[in-house]
Structure formats: C-alpha cells, structure tokens
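Number of protein chains: 2
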Amino acid sequence: MARLVMKFGGTSVADMDRIAHVAARVKREVDAGHQVAVVVSAMAGTTNQLVAWTNQAAKMPDRREYDVVVATGEQVTSGLLALALQDIGVPARSWMGWQLPITSSDAHGSARILDIDGKVLEAGFARGEVAVIAGFQGLAPGGRVSTLGRGGSDTSAVAVAAAIKADRCDIFTDVDGVYTTDPRIVEKARKLDRITYEEMLEMASQGARVLQTRSVELAMVHNVRVQVLSSFEDKPGTLVCDEGEIVEQEVVSGIAYSKDEAKLTLLRVADQPGVAASIFGPLADANVNVDMIVQNVSEDGTSTDITFTVGRADLDRTVQVIGALQTKLNYRQLLHDANVVKVSVIGVGMRSHAGVATRMFTALAEKGINIQVISTSEIKISVLIAADYTELAVRALHTAFGLDSE
Amino acid sequence: MARLVMKFGGTSVADMDRIAHVAARVKREVDAGHQVAVVVSAMAGTTNQLVAWTNQAAKMPDRREYDVVVATGEQVTSGLLALALQDIGVPARSWMGWQLPITSSDAHGSARILDIDGKVLEAGFARGEVAVIAGFQGLAPGGRVSTLGRGGSDTSAVAVAAAIKADRCDIFTDVDGVYTTDPRIVEKARKLDRITYEEMLEMASQGARVLQTRSVELAMVHNVRVQVLSSFEDKPGTLVCDEGEIVEQEVVSGIAYSKDEAKLTLLRVADQPGVAASIFGPLADANVNVDMIVQNVSEDGTSTDITFTVGRADLDRTVQVIGALQTKLNYRQLLHDANVVKVSVIGVGMRSHAGVATRMFTALAEKGINIQVISTSEIKISVLIAADYTELAVRALHTAFGLDSE
Numbered sequence: 000m001a002r003l004v005m006k007f008g009g010t011s012v013a014d015m016d017r018i019a020h021v022a023a024r025v026k027r028e029v030d031a032g033h034q035v036a037v038v039v040s041a042m043a044g045t046t047n048q049l050v051a052w053t054n055q056a057a058k059m060p061d062r063r064e065y066d067v068v069v070a071t072g073e074q075v076t077s078g079l080l081a082l083a084l085q086d087i088g089v090p091a092r093s094w095m096g097w098q099l100p101i102t103s104s105d106a107h108g109s110a111r112i113l114d115i116d117g118k119v120l121e122a123g124f125a126r127g128e129v130a131v132i133a134g135f136q137g138l139a140p141g142g143r144v145s146t147l148g149r150g151g152s153d154t155s156a157v158a159v160a161a162a163i164k165a166d167r168c169d170i171f172t173d174v175d176g177v178y179t180t181d182p183r184i185v186e187k188a189r190k191l192d193r194i195t196y197e198e199m200l201e202m203a204s205q206g207a208r209v210l211q212t213r214s215v216e217l218a219m220v221h222n223v224r225v226q227v228l229s230s231f232e233d234k235p236g237t238l239v240c241d242e243g244e245i246v247e248q249e250v251v252s253g254i255a256y257s258k259d260e261a262k263l264t265l266l267r268v269a270d271q272p273g274v275a276a277s278i279f280g281p282l283a284d285a286n287v288n289v290d291m292i293v294q295n296v297s298e299d300g301t302s303t304d305i306t307f308t309v310g311r312a313d314l315d316r317t318v319q320v321i322g323a324l325q326t327k328l329n330y331r332q333l334l335h336d337a338n339v340v341k342v343s344v345i346g347v348g349m350r351s352h353a354g355v356a357t358r359m360f361t362a363l364a365e366k367g368i369n370i371q372v373i374s375t376s377e378i379k380i381s382v383l384i385a386a387d388y389t390e391l392a393v394r395a396l397h398t399a400f401g402l403d404s405e
Numbered sequence: 000m001a002r003l004v005m006k007f008g009g010t011s012v013a014d015m016d017r018i019a020h021v022a023a024r025v026k027r028e029v030d031a032g033h034q035v036a037v038v039v040s041a042m043a044g045t046t047n048q049l050v051a052w053t054n055q056a057a058k059m060p061d062r063r064e065y066d067v068v069v070a071t072g073e074q075v076t077s078g079l080l081a082l083a084l085q086d087i088g089v090p091a092r093s094w095m096g097w098q099l100p101i102t103s104s105d106a107h108g109s110a111r112i113l114d115i116d117g118k119v120l121e122a123g124f125a126r127g128e129v130a131v132i133a134g135f136q137g138l139a140p141g142g143r144v145s146t147l148g149r150g151g152s153d154t155s156a157v158a159v160a161a162a163i164k165a166d167r168c169d170i171f172t173d174v175d176g177v178y179t180t181d182p183r184i185v186e187k188a189r190k191l192d193r194i195t196y197e198e199m200l201e202m203a204s205q206g207a208r209v210l211q212t213r214s215v216e217l218a219m220v221h222n223v224r225v226q227v228l229s230s231f232e233d234k235p236g237t238l239v240c241d242e243g244e245i246v247e248q249e250v251v252s253g254i255a256y257s258k259d260e261a262k263l264t265l266l267r268v269a270d271q272p273g274v275a276a277s278i279f280g281p282l283a284d285a286n287v288n289v290d291m292i293v294q295n296v297s298e299d300g301t302s303t304d305i306t307f308t309v310g311r312a313d314l315d316r317t318v319q320v321i322g323a324l325q326t327k328l329n330y331r332q333l334l335h336d337a338n339v340v341k342v343s344v345i346g347v348g349m350r351s352h353a354g355v356a357t358r359m360f361t362a363l364a365e366k367g368i369n370i371q372v373i374s375t376s377e378i379k380i381s382v383l384i385a386a387d388y389t390e391l392a393v394r395a396l397h398t399a400f401g402l403d404s405e
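Chains as they are written, first to last, in numbering that gives the first Met the number 0: chain A, 0 to 405; chain B, 0 to 405.
Here chain A stands alone, though its shape is the one from the complex (with noise of 0.2 Å):
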C-alpha cells in the first residue's frame, strides 16, 4: 500500500467526460490499495472567465476580492469530481482551502502556502476516504480566501504530498513527462524516465513550462517524488526526484531555451569603482530583474561597456530608467535588442564532468552562430544568440550532447 497525491490540471477536468474519466483513473489506483488524496484545478476557461470579471468589476481588483472570486472554480471542480467518485463507489469528499485548513501568507493573488495540518486527511484515509482538494487556494490570515497564483495547484499538490509524507505526487498533465528539449523544435526529443529537481527548476525557468516552479522548489526542500505525467495516455511518465534515485546520470539531461529575453549595452560607461552598483541598484528598485551580465573594457581602458539581459516585458522600463541615468553615468550610448534568445544546456552531471563549455561552443561555432553573452551556473551553461538561429541551436546541441533518440 502506497500514498499517493494525484494532481489533475484544467485541461484534465475540461468538461463532465473528462471529469469522469478522471474518477475512473482514482479508482484505479484506490483498487490496488492505495490511499490517495487528489488535488484539482478549475475547469479550463474557467479561471480566465472569472479574472476577466474582477477586471471588468474594478480598474485596480482588491486582491483579496479578486481571490474570493477566483478560487471558486476549483471549488466547483473539487465538488463535481468527489460526486464523480461516489457515484462510482468510491468514497470521497471534497476539501476548501479553509477548511483542512491550508494556511497561506496574505500576500492575495500569489500567497505562499505556511501550513498543511495531515492529520485530517490521514483520518480520512482511515476511514478508507479518498480526498479531493481545491487546489490553488488557501486560509490567509483573518481567516480570508487567499489563492496562490497561476499554477498554484501544482504547488498544492506537493504541499500536500508533503504534510502526508505521501510516497508520490502524479501531476497529470497534457504532456506526458518532461523532454531533453521541446519537441516541437526537435522531433528526435526524448522523454526522460528521471530528472533531478535541480534540473527540473533550470528547465522550468528556462522556458519547459511542465511544471510550475514554485512547486518543484517545495518538492526539493521536502523530497517530494513527483511524476509529471499524461492523463489522456496510460503510461509512466518522468520523475522528478533526488539525484541519489538516479542510477545512472546523463552528464546533460536536457536543452532549454528561452524567447524572454532582451539585452542591452551602454557603450563607454566610465571604469570606475561603484559603476556597476549605480546602474543595477536603480534597476532592482524599478522591479527589473537582471540575468545575464557582461562587462569588457574598451581599448582606451579608461572606459568600459556593459552587457546584459533582462526579461522582454521590462525592456521599455529599463530603457526608461537608464535613460533618466545618463547625466549620472555618462555613457556614450544605450543599444538594446529584443530579438535575442537565452540557450542553456543543463545536467548535474557537468559538475563531474570538464569539457561540456568546449562541446557547446564548438557545436555553435560549426553552424556559424555566434554568442553574444555568456553565463554558467553549476549545473546550466546559457548562451545568448539572435533569435533566427534558435531552431537550429537547439537541435545541434540536442545532437552535440547525444540526446537524440534511437
């Protein structure tokens, strides 16, 4: 006998067929002895529907009135699918954030969770119940409704799998498992029987959006084994779990690739001490989250020019702010590029392993693609490169790193 958490995301419970279908899969697991708790999402559309609502009711949405709204649609899910159960002969019920409880932070919108009390939901395993809990949401303090924003069920479901030490947390979804790359780019993409948490949160940032990235880094502090797998096919899909359970490590498991990104250069920045503090330091009280950052100095030494990339929704911000800063830093000019993308190959194995820096950037330079910015991280070597050559990028390290299937 096993404890699992099953988690089912919109698409999984789009309409009453699907939501039946989803009971049929619960049974399944109920019948072979396991003791399960399920965590849902809001019908598809549904969410969307609700939030354009708290948008046409007010200019600026009280948050906590907007999370009252909100997080009715995986209440409705959560009723519809314990019926679903009974009416097949399992017993079931539902459970409101409010009610385990599922204490969060009073940050509305996007609350943490704080506490899951197991002691409830291992009573209704006693009983031989199998729980069904509105994901997305929780009790903030003052006893309101909190949700925690977009993708928030994923990281109920690892909660909750947490606070029952539950022995796997399925997150079914409509891929079936985590891939080397994107399989849209790179048709000979492999599915991954396993991958180590830290990997999974380079591939979630980096643009593999399986899995929400709040939820694996809970997932890792708590060693939650997650399986991230289809719940339209019947077949195993990828596990996220510790590297220990990973016998044998690819030295990279997987290419990831990111579109989010736009770089910008001040040219002729003055080389001094404190330069670098009085470009960035107004930039993060701006909001403006800086990734990558390259500075060279020019032939005159006296000056230098600065590189770097933030995120493409703050490129017009940051040109504002760094505008405003010209009398200050006196730069020569500001140049800017939105048509950039952010390429990483990623593997715990590159910790062990020398050499991977050499293959990447020989694999590009044979194509004849040249990188722009460099960044490396223990486990994650990332390149900018203009956008037309993502494609091709992609498939040449997917191949350079033996990740090609067959």
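These are calculated hints, taken from the structure and not from any lab test. Just to be clear, a hint being listed does not mean it is correct.
Where chains are identical, the list cannot tell them apart; a pair therefore holds if satisfied intra-copy or between any two copies.
[As the list claims (entries may be wrong)] Okay, derived cross-link-like pairs now, EDC-like style, lysine to aspartate or glutamate, Cα gap no bigger than 20 Å in a straight line:
#	residue 1	residue 2
1	366	192
2	258	315
3	190	390
4	366	387
5	58	14
6	58	86
7	366	116
On the provided structure of chain A, position chain B as indicated by the hints.
Below, chain B without anything else, positioned relative to chain A:
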C-alpha cells in the same frame, strides 16, 4: 441614519453592467448616511448550470457535495459586487456563509439558518464598510458548506436583517411589488403599498411567487419589515409588515390562484371511524402533502365520498398509494382530475368582516362557475374550480372585492 439590508436576485446581478448598476444603487443609500448590508444571489443562469453539472457527475448527488458546487455562484457575485463598490469609492468586503458564520442545520440542499451573530457585521459598519454577503449559503455542523434551497437568498437577507436589527430589508427583484392579483391575468391589478406578513404568506403559497415563503415566515417571527421593489425602476415597492403598520386595512387585499393542484375522489368508502386516518396516514408516510379535504355522506347513509387535493406533481404517487389500499378501504372507485385550479381571496380584514364568503360565491355563480371544493382559514377563502375558468374567476373576484384600479 437607518440600517438597511438590500437583497439583489439573479436577474439583478446577471452581468457586469447590472452589478455596476447595483453598486450605484447601494452607494446612494451609503451616501444618504445609512449602514448597509447587501445580500446577493448567483448571476442568473449560474445556479442552473452548476446543478446540471452535479446531476451529470452522479445519478444521486450527495447533497453535501452538491452544496459545495452550487454555493460558488453566490461567492462569485459577492466578490464582484464588493469590487464594484470599491471601484466607486464605497468601502466594502465580501462575506461567505462560513466566514460570518451563518450557521445552518445539516439538511444539505435545503438547510435552515440556525444563527447569525450580528457583531461581526456591526464591527464592519463601525469601520464604515458595506458588507456584501453571499446569499443562499451557510455553514453546517462539521464545518461543511450548506445551501438553503431555491430562493434561499431571500431567507438569508431576512435572517441578516433580524441579526443586525435592520430598519428594513429591501428585496430587489424583477417585479416592482406585490399586486392585488397576477397582472398578467387582470389588467387592472393594483400594486399594494403595504401587505401584512400573514397575507403575504397566503399570497406566496397561493402562487404569487414574489418572495420565498420561508423568508416571510422568518420576517414575521422576527418582525423584520420587508420591502419588495424593482431593481430596474426607481420607485417604492410593497412593504410587507405587521398589521399595526397598516392604517386602513381593506377587507380583501388580493386574489391568488394556483394551478399546481390535482383533485382525487374516493367513491363509496365505508363510513366508519378511522377511515380518514387509513387514507391520509399512508399518504403522509409517502410524503404527499394533502391540501383541501371534503367528506360527504352518500345517499345510502352507510358509505361516504371523500374528495381531497394534492400537488399536481404528487398525483401519480397518490394514485399509486390509494390504489394499493383498495382491498383495505373497499371503495368503489377512485377518480382523479388534474384539470383544476385553486382560487383564493385573501385579507386579514375578513377576520372582522362578515359576508366575504357570500360575496365570493355570488360573484362566481354570476359567471356560471361551479365550485368543486371549498376550504377556509381565518384570513382566506379558497375554492377549487375547473382550470378553464381560472382567468374568468380571478377577474370576477378582483372586481367584486373592489380591487380594480381607477
């Protein structure tokens, strides 16, 4: 400064434009210096959709889960109206049944309100805040969501008004008040300025479906003054109040009719003690509500004919129950007729005025309408007639009791 409860039904909050309109209406009372609690229904159509889903999810939906699903409609509206109020500068917050709490019985799907502590709302008034309360829902024992049954938001509103000792409970709806009779039948029907609780109860149960019966009972018990008025037109409605508040009481306030009737006659039942009990006992056991009953001794003096009415929806069940009693009761024949209507004249004034019955029977006789069954209460006389005569009878009575306008 007065303290008001304002209740808005489904058509009054059917879309975002109407919710904005409601917010403006509430603002007027706030600007006039009043303390306001608003009770809202679900957006028109929402509850039907939610109920349909529960019926698709399970053949016999668990009422507790049904409540979880169906209660979301009011939650959405309360959040949206709070937002719309804030947007026009009126401090407001939403309240779910479980937050106040509005404690209820555990009769899920048709729970009764047990208690509302007005203190929380009064604290909100002290902060200058409008309370926007989700109608129709409560908190059942065990911390589960309950709903009060169709039309339950009226009851929520009256219960809130009782809890905070409101000066008035305004029920905004798609009609502009209570009429002397159905204006679709009688062009000269008049809107009543005032009507007593007792009369309103008879009007409601007789088919003038303006206010939910339970809400009127509750208003009578707690002496809550209830105004029924239009949410689309800006004019006073009908005040439902204590008899003492009505200076010049008409003998008859209104004419009601109900098509939801069926008549059954048992011919030649043995005329002996206990026969009535052996008929109506089994019907009560089968949950059939019997309304009018007439018993005539037949010519031979040893047997009797018994006629009674039930709700039309219960006719088949009644025929079944009585059919099974054939051997025991040894009646000659069971006749039934669903083609009947009950027409009633209603007025607290008839307590002190004789001659109402005579005037009623004369008016019907003059139009050649045959009376099949008669029943009376202190403030009401009802007759059962053939359904074809409905409009003719209602118009004749409306004129005979001087209710026609002009």
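Hint check:
1. In this homomeric assembly, residue 366 and residue 192 never come within 20 Å of each other (Cα to Cα): the closest approach is 30 Å inside a single copy and 87 Å across copies.
2. For the homomeric pair residue 258 and residue 315, the shortest alpha-carbon distance inside one copy (16 Å) is at most 20 Å, but the shortest distance between copies (68 Å) is not.
3. Proximity of residue 190 to residue 390 under the C-alpha cut-off of 20 Å is restricted to the intra-copy arrangement: shortest distance 19 Å within a copy versus 74 Å between copies.
4. Within a single copy, residue 366 and residue 387 get their C-alpha atoms as close as 13 Å, which meets the 20 Å cut-off; across copies the closest is 90 Å, which misses it.
5. Taking the shortest alpha-carbon separations for residue 58 and residue 14, only the inter-copy value of 17 Å comes in at or below 20 Å, while the best intra-copy value is 31 Å.
6. For the homomeric pair residue 58 and residue 86, the shortest alpha-carbon distance between copies (7 Å) is at most 20 Å, but the shortest distance inside one copy (43 Å) is not.
7. Taking the closest pair of Cα atoms, residue 366 and residue 116 never come within 20 Å of each other, the shortest separation being 55 Å inside a single copy and 74 Å across copies.
The structure does not agree with the numbered hints 1, 7 stated previously, though it agrees with the rest.
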